[in-house]
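**Student:** Heads up: the protein sequence lines correspond to chains A and B, in order. The first sequence finishes on residue 628 if you use our numbering, and the numbering steps up by one all the way, no holes. The second sequence finishes on residue 628 if you use our numbering, and the numbering steps up by one all the way, no holes.
Heads up, a few of these hints could be off.
Identical chains share a label here; the pair holds if one copy fits it or two copies do between them.
Only pairs whose alpha carbons sit at most 25 Å apart, straight line, appear in this in silico PhoX-like list of lysine-lysine [said to hold, decoys possible]:
#1 Lys622 x Lys440
#2 Lys582 x Lys622
#3 Lys554 x Lys622
#4 Lys606 x Lys445
#5 Lys582 x Lys626
#6 Lys606 x Lys582
Bear in mind the hints are in silico, worked out from the structure with no lab data behind them. Please read all numbers here as calculations on a predicted model, not as lab measurements.
There are 2 protein chains.
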Amino acid sequence: MDKKEHRYCVIMCGGIGSRFWPYSRARLPKQFIDFLGTGRTLLQMSYDRIRDLVPHSNILIMTNERYADEVRAQLPELAADQILFEPARRNTAPCIAWAAWHVAARDPEASIVVTPSDHLITREAEFTRSLLDGFDFVEARDALLTLGISPTRPETGYGYIQVGDQVEGDFSKVKTFTEKPNLELAKVFLATGEFFWNSGIFLWTAASIQRAIRRHVPDIAAVFDSAEPATYRNPAKEREFIDLAYPGCMSISIDFSVMEKADNVFVETVTFGWNDLGTWSALYDLSPKNSDTNVTQNCNVLSYNSSGNIFAVRGEKLVVVDGLEDYIVADADGVLLICPKAREQEIKRMVTDARLKFGDKYE
Amino acid sequence: MDKKEHRYCVIMCGGIGSRFWPYSRARLPKQFIDFLGTGRTLLQMSYDRIRDLVPHSNILIMTNERYADEVRAQLPELAADQILFEPARRNTAPCIAWAAWHVAARDPEASIVVTPSDHLITREAEFTRSLLDGFDFVEARDALLTLGISPTRPETGYGYIQVGDQVEGDFSKVKTFTEKPNLELAKVFLATGEFFWNSGIFLWTAASIQRAIRRHVPDIAAVFDSAEPATYRNPAKEREFIDLAYPGCMSISIDFSVMEKADNVFVETVTFGWNDLGTWSALYDLSPKNSDTNVTQNCNVLSYNSSGNIFAVRGEKLVVVDGLEDYIVADADGVLLICPKAREQEIKRMVTDARLKFGDKYE
Chain A
266 MDKKEHRYCV IMCGGIGSRF WPYSRARLPK QFIDFLGTGR TLLQMSYDRI
316 RDLVPHSNIL IMTNERYADE VRAQLPELAA DQILFEPARR NTAPCIAWAA
366 WHVAARDPEA SIVVTPSDHL ITREAEFTRS LLDGFDFVEA RDALLTLGIS
416 PTRPETGYGY IQVGDQVEGD FSKVKTFTEK PNLELAKVFL ATGEFFWNSG
466 IFLWTAASIQ RAIRRHVPDI AAVFDSAEPA TYRNPAKERE FIDLAYPGCM
516 SISIDFSVME KADNVFVETV TFGWNDLGTW SALYDLSPKN SDTNVTQNCN
566 VLSYNSSGNI FAVRGEKLVV VDGLEDYIVA DADGVLLICP KAREQEIKRM
616 VTDARLKFGD KYE
Chain B
266 MDKKEHRYCV IMCGGIGSRF WPYSRARLPK QFIDFLGTGR TLLQMSYDRI
316 RDLVPHSNIL IMTNERYADE VRAQLPELAA DQILFEPARR NTAPCIAWAA
366 WHVAARDPEA SIVVTPSDHL ITREAEFTRS LLDGFDFVEA RDALLTLGIS
416 PTRPETGYGY IQVGDQVEGD FSKVKTFTEK PNLELAKVFL ATGEFFWNSG
466 IFLWTAASIQ RAIRRHVPDI AAVFDSAEPA TYRNPAKERE FIDLAYPGCM
516 SISIDFSVME KADNVFVETV TFGWNDLGTW SALYDLSPKN SDTNVTQNCN
566 VLSYNSSGNI FAVRGEKLVV VDGLEDYIVA DADGVLLICP KAREQEIKRM
616 VTDARLKFGD KYE
């Protein structure tokens, strides 16, 4: 059996993208949007990137029931049993655990790449090569591998990974995971050459991640160990079990619960162009600008005395703007946001304020 | 026969309201909008004001064919022959001439009040009394009467009427009509007590306005004299005649072509609250403000660090705004405008730019 046959790809696709509200909405988050105007949504682009890397039936989408129709419509190639529905939002650790137990029950020798569905990756050939190398690495040892992106600027919006001893080629032990730094610290990180952006893309064998979860988050492991492997091979029984058991998992990230605690964590340092599309400013920075340095998403803009803005407007809309600098103008599905780019960290609070004042209809 | 039976009201309702673009649109101009959130559109409010002043069947709406459905929907009380459709836009002189010939053919003793459909009038009892006095005045003499509003501030957005010799009570000869003054001149106008705002509301007998049009704009009179009075009494024949003849009229205002030239022009000075709703700033000024001094039309607004704005948004929309001062934010039917109030005189140019760049779909 070719080693490719044991390789799986898990695309996590349950996020609600609230930082891009109102353009990204709880009912249609950013992974389901053609965010870059390429004709493919971010989820579709994520799928396209890994399609030839693993056997087609080894691709799994982890998402929420409310996005079932959207996922099916965007990826009609997938069989019904390739889409797993989380009955509740519980952050990444329970999601990744379920995927591991699910895959292990089918193939005890499986290795897995876990990837978000809403990031931008520009150099796909390099991405493919990095993942193939990563599979080889984790299949040869009991390792939890995370991909670290070579930083190109002192970015304060990302977490960083400090590399330790080199193991081979691009692979090193992880020394520390860091929180988002301030600008001064980010400049130091960049200068040392030891720090890499934490991409949230992971590789491991099913056995390694199960072992790590059993050791570092036994409560979550116990939930998934409470079903027989046969349950994970029967879609109806698995669904019934998950609907009951999954909501009982604690809500915690895989980074915090496992990666920052385990001693077999490695980083592959990679150089494919990457952006987590985590903020409006990030999207502005990487988007092509018009002659006024404005960025437009999906709309016609007539601008006067205006620069440095990003306009993201759903529908065939015309935006006419005068005297506006460095703003986000986002308009979609019943909500118009006009907010300085420098204040975008307040958007989550605005969503909360809107909910308190008007209920959930604008979420 | 009661004198009321000879009184007619002509509501001019064919304007396109481009100064309020995109909230007011060529396909649904401001007179058809519930602009003040009262539950009645400006046209309906205009109708309500004059409904009891003249016999119901003596009310005429002058509008454009494209607004036929809207007028019928908003004023279902009207019979089909009470709505006259201009086949082309030709400013006020041809419109008023047609109305005069139409009414005169039915009732040679008719007197007429002509009123715009898109102004705000707040003191309706005083309005009614002023119009009844005005009818009495014009029925007693060969007079062209215009209503002059006592100014309450040095407004630079209106034309003014200077009063001459008093005839009786609130009625005087008109000395001059003036263009919109600058602020300095407007302050002088206010101080003298001789200047009144030109409201665009006129009263006259059908015979008087016909005589004045024949004398001062004989080209237009000739068009309407080219049909027999019987034509104006037969809706199908009148329609056929107007569709052919009306587009041949020159496009000119009644003020410029008749009122500024005739020597039998009088002004009734009145004090009912009046605003021509001609600019966003005027609308802002007269609208109730929230605690942040923002004005909202028809939408929910969450504002942060924002004041002095007017938000006019169609549909059940939420506007979330941060760091915006003294702007117009207007969103309707596929167009979003964000423009400083101080730059609103540029809006007409923006509409033109939009047409040049994207065709007429955003008009």
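**Student:** If a hint holds in the structure, say so; if it does not, say that too.
**Tutor:** To see whether the hints hold, each was checked on the structure:
1. Proximity of Lys622 to Lys440 under the C-alpha cut-off of 25 Å is found in neither arrangement, the shortest distances being 46 Å within a copy and 56 Å between copies.
2. Taking the shortest alpha-carbon separations for Lys582 and Lys622, only the inter-copy value of 14 Å comes in at or below 25 Å, while the best intra-copy value is 28 Å.
3. In this homomeric assembly, Lys554 and Lys622 come within 25 Å of each other (Cα to Cα) only across copies, at 19 Å, whereas the closest approach inside a single copy is 36 Å.
4. Proximity of Lys606 and Lys445 under a CA criterion of 25 Å is satisfied intra-copy only: 19 Å inside one chain copy versus 41 Å between copies.
5. When the C-alpha separation of Lys582 and Lys626 is checked against a cutoff of 25 Å, the pair qualifies both within a copy, at 22 Å, and between copies, at 10 Å.
6. Both within a single protomer and between protomers do Lys606 and Lys582 lie at most 25 Å apart by alpha-carbon distance, with minima of 21 Å and 22 Å respectively.
Against the hints set out earlier in the document, a violation occurs for number 1 only.
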